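K.L.:
Chain order of the listed sequences is A and B. Each step along the first sequence adds one to the number in the working numbering, with nothing skipped, and position 51 is 51. Here the working numbering = 1-based position in the second sequence + 1000.
It should be emphasised that the hints constitute simulated quantities derived from the structure, not laboratory data. Since we're looking at a predicted model, the values are computed, not measured. Be careful, since some hints might not be right.
[To be verified] Below, a list of computed lysine-lysine pairs in the DSS-like style, where the Cα atoms sit at most 25 Å apart:
| no. | chain 1 | residue 1 | chain 2 | residue 2 |
| --- | --- | --- | --- | --- |
| 1 | B | LYS1072 | B | LYS1092 |
| 2 | A | LYS48 | B | LYS1072 |
| 3 | B | LYS1143 | A | LYS217 |
| 4 | A | LYS48 | B | LYS1087 |
| 5 | B | LYS1028 | B | LYS1072 |
| 6 | B | LYS1087 | B | LYS1028 |
| 7 | B | LYS1028 | B | LYS1092 |
| 8 | B | LYS1072 | B | LYS1087 |
| 9 | B | LYS1028 | B | LYS1242 |
[What the hints assert, rightly or not] Taking CB as the label site, the calculated pair distances span:
| no. | chain 1 | residue 1 | chain 2 | residue 2 | range |
| --- | --- | --- | --- | --- | --- |
| 10 | B | HIS1168 | A | VAL114 | 28 to 36 Å |
| 11 | A | VAL114 | B | ARG1247 | 45 to 53 Å |
| 12 | A | ARG64 | B | GLU1255 | 55 to 63 Å |
| 13 | B | ASP1145 | A | THR65 | 43 to 51 Å |
| 14 | B | GLU1075 | A | THR83 | 50 to 58 Å |
| 15 | A | LEU52 | B | HIS1168 | 34 to 42 Å |
[As the list claims (entries may be wrong)] Output of the computed footprint for chain B on chain A, the stretches with three or more beta carbons under 8 Å from beta carbons of chain B:
| no. | segment |
| --- | --- |
| 16 | 65-74 |
| 17 | 131-138 |
Where a beta carbon is used, it is the ideal one built from N, C-alpha and C, also for glycine.
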Amino acid sequence: MGDFQWARILAYFPDLLRGVGVTLQLGLISASLGLVLGLVLALMKFSKVPVLYWPAYVYIEFFRTTPPLVQIVWLYYGLPLFTGYDLGAFGAAAVALGLNIAAFYAEIYRAGIVGVHRTQWQAARVLGLNLRDTLRYVVLPQAVRNVLPPMGTTTIYLIKDTALASAIGTLELLRIGQLIAVETFRPVETLTIVALLYFVVTYPVALLIGRLEARFKIARVGAA
Amino acid sequence: MNGDALIVVEQLTKRYGTATVLNDVNLKLGPGQVLVVIGPSGSGKSTLLRCLAALEPIQRGTIRIDGTLAAKGDEDSGAGPDRASLKTLREKVGMVFQQFNLFPHLTVLENITLAPRRVLGMAPAEAESLALDLLRRVGLEDKRDVHPERLSGGQQQRAAIARALAMHPRVMLFDEVTSALDPELVGEVLRTMRELAEQGMTMLVVTHEMAFARDVADDVVFMDNGQIIERSPPAQIFAQPKEPRTRAFLERLLEREGRRDG
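So here's chain B without its partners, still in its complex pose:
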């Protein structure tokens, strides 16, 4: 089974000081699958993503992505990932952040070409044509020479997705990427992500957009208190959640959305 899975998380425990943020998390994700992670704030979903991107040290367990060791608990025995495997990992994992984190002093095109040129050693012309392809894919071909400040939030986020894709990652991590957007801009970013999923990208998506989860996810994971409470296909988790905590969370969420619509 591990042979097929792109992401394998085993017995992951992550603490900040004495606070346990992730508690014995186990997770597998096959190639081409889209996993949506939901849960109340503080449940550890964003931290899980940050651990997968090797942005956080972990205390216990292992994370492997496409066979490459991404992290190993520093309280466990054995060596963690070395420099070479971290470099491989960075090329395999793309990440998109809530706050876009584009480089404000560079144009959209330069934002996208920087890593392919500096990390993959791509020639400038090749990097540029790659970037232009990606900009067409996310519908920003006319914004190539614009600085991020001139873009709407939705456009910035699509540019950030293009920047991550430029490294040809095997896995894309999305950390609440629509949470900082005005409501009318959410749709364009979700559309881009939907297209990406249809093209077969392996995706791990932390989001509060339940419609996206329902339509795009292969599985939905509900997290609470640093643990995975339930993992089910969307049809099941939204209709008949197995766990009372999942049900309570979804009811609160639907109630809130009902109030917003009414």
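The shape of chain A in the complex, shown without the other chains:
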């Protein structure tokens, strides 16, 4: 096939693998942050108390509707300017991506909780369970099943969005790919290999979600 020079790129494979490691860390940290913060936001948005509802509403709409790239830049350049606190490139990217994805996770949690039939809430209430126990033992375990597919898709988006960290110089997979491409003048081969490596990172997430779905598969009893 003519002019492709794969071998030259493969010589950089150890560098690319280091990039995979950084990408994985970015994904893991931001997903963890997003999953926890997203649940808190979702629960706040169910509240009838204005000081809980409105901050969650504004947060979610703000982070959903502005580009994550801009959020990363704000946190990296803006935060030190205004607070004197510097997270560094990796830290700023991880936190910004986590804050961003929390907004999306929150809406997914919310849909999952709404999807649990109201008769389940009533059954819990009649038994005397308080709100916390109702959420913990009755509603959230059922909501998990509802949210797994969209959670999986969103998490895959997140892992690919970690590439945005390259814009502030984080040496993650895409950034390293770009550097190799510049050095070798072979952008097509380099970025093709980079894409394959993204697949290697994201596909297990898809598999994991599929397995979790099977495990949490339960009949929608009483949801008639």
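Once you have looked at the hints, place chain B on chain A.
P.N.:
This is chain B only, laid out in the frame that chain A set:
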């Protein structure tokens, strides 16, 4: 009189928007009594039960169960039930729903032990032995580790009854609990309820099962348009209803059952 009654409903009015669903309902029920509520759909019988379980706010009147304030009209003066009295109420009142409402992600045993453990603070072993006793009572001892989806409707409903009983309620409310069941499964649930009545449980039962009403009820209440039209012992209400509306309802019902049998 109020001193003996377990359930005391006084001048209860319940509206949804402008539609009055319960209109000045008064009701008393003594301990160990079984009251069956009949009436056409939309007559307010299920809403009455939901108000007794404090699942619905009410506009006027009061509901007391075993001396505990369950609800107070929000248009009346005076405070409604506080958090503590609602908690007491939940422990005194058990409710079984038309659609069972078991928790689908939990086993039968976990469905039953959840509330005793979390609400009453019972130790796991104690809750389990209580649950097993109850499962034996409703004939489901071999289903303890099964999820609800694997049970027939009748079995699910019996498990739901066991779940409610696990809280040792003083009063059990049954909201059309056989209406969602296939005809051949109705009998097993009614049998369980019959046994419960024989053991002295105070029960308020909304149902269309007239044979159950005839055999088990101490009194039958006929409701129409959000009002109690008539309350009589079953022998009387089925043989000689006092009110023309009761008679018309029962005639329609018997006619339908006659057609079904013929």
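K.L.:
Is 34 to 42 Å right for how far apart the beta carbons of LEU52 of chain A and HIS1168 of chain B are?
P.N.:
holds (36 Å)
K.L.:
For HIS1168 of chain B and VAL114 of chain A, compare the CB-CB distance with the range 28 to 36 Å and indicate the outcome.
P.N.:
holds (33 Å)
K.L.:
When you take the CB atoms of VAL114 of chain A and ARG1247 of chain B, is the distance between them in 45 to 53 Å?
P.N.:
For VAL114 of chain A and ARG1247 of chain B the Cβ distance comes to about 46 Å; the hint holds.
K.L.:
Are the Cα positions of LYS1028 of chain B and LYS1072 of chain B separated by 25 Å at most?
P.N.:
holds (16 Å)
K.L.:
Does the Cβ-Cβ separation between ASP1145 of chain B and THR65 of chain A fall within 43 to 51 Å?
P.N.:
holds (48 Å)
K.L.:
Need the status of pair LYS48 of chain A, LYS1072 of chain B: alpha-carbon distance at most 25 Å?
P.N.:
Satisfied, since the Cα-Cα distance of roughly 22 Å is no more than 25 Å.
K.L.:
Using the Cβ atoms, figure out if ARG64 of chain A sits within 55 to 63 Å of GLU1255 of chain B.
P.N.:
At 60 Å between Cβs, range holds.
K.L.:
Closer than 8 Å, Cβ to Cβ, for at least three residues: run that test on the segment 65-74 of chain A against chain B and report holds or violated.
P.N.:
violated (count 0)
K.L.:
Between LYS1072 of chain B and LYS1087 of chain B, does the CA-CA distance stay at or below 25 Å?
P.N.:
Holds, at roughly 15 Å.
K.L.:
Between the alpha carbons of LYS1028 of chain B and LYS1242 of chain B, is the straight-line distance 25 Å or under?
P.N.:
Answer holds: LYS1028 of chain B to LYS1242 of chain B is near 20 Å, not above 25 Å.
K.L.:
How does the coverage statement for the segment 131-138 of chain A fare against chain B, requiring three or more residues with Cβ below 8 Å from a Cβ of that chain?
P.N.:
Our answer is that it holds, as 3 residues pass the Cβ test (under 8 Å) against chain B, meeting three.
K.L.:
Quickly compare the C-alpha distance for LYS1028 of chain B and LYS1092 of chain B to 25 Å and report which way the hint goes.
P.N.:
holds (16 Å)
This entry does not satisfy hint 16, going by the numbered hints stated previously; all others are met.
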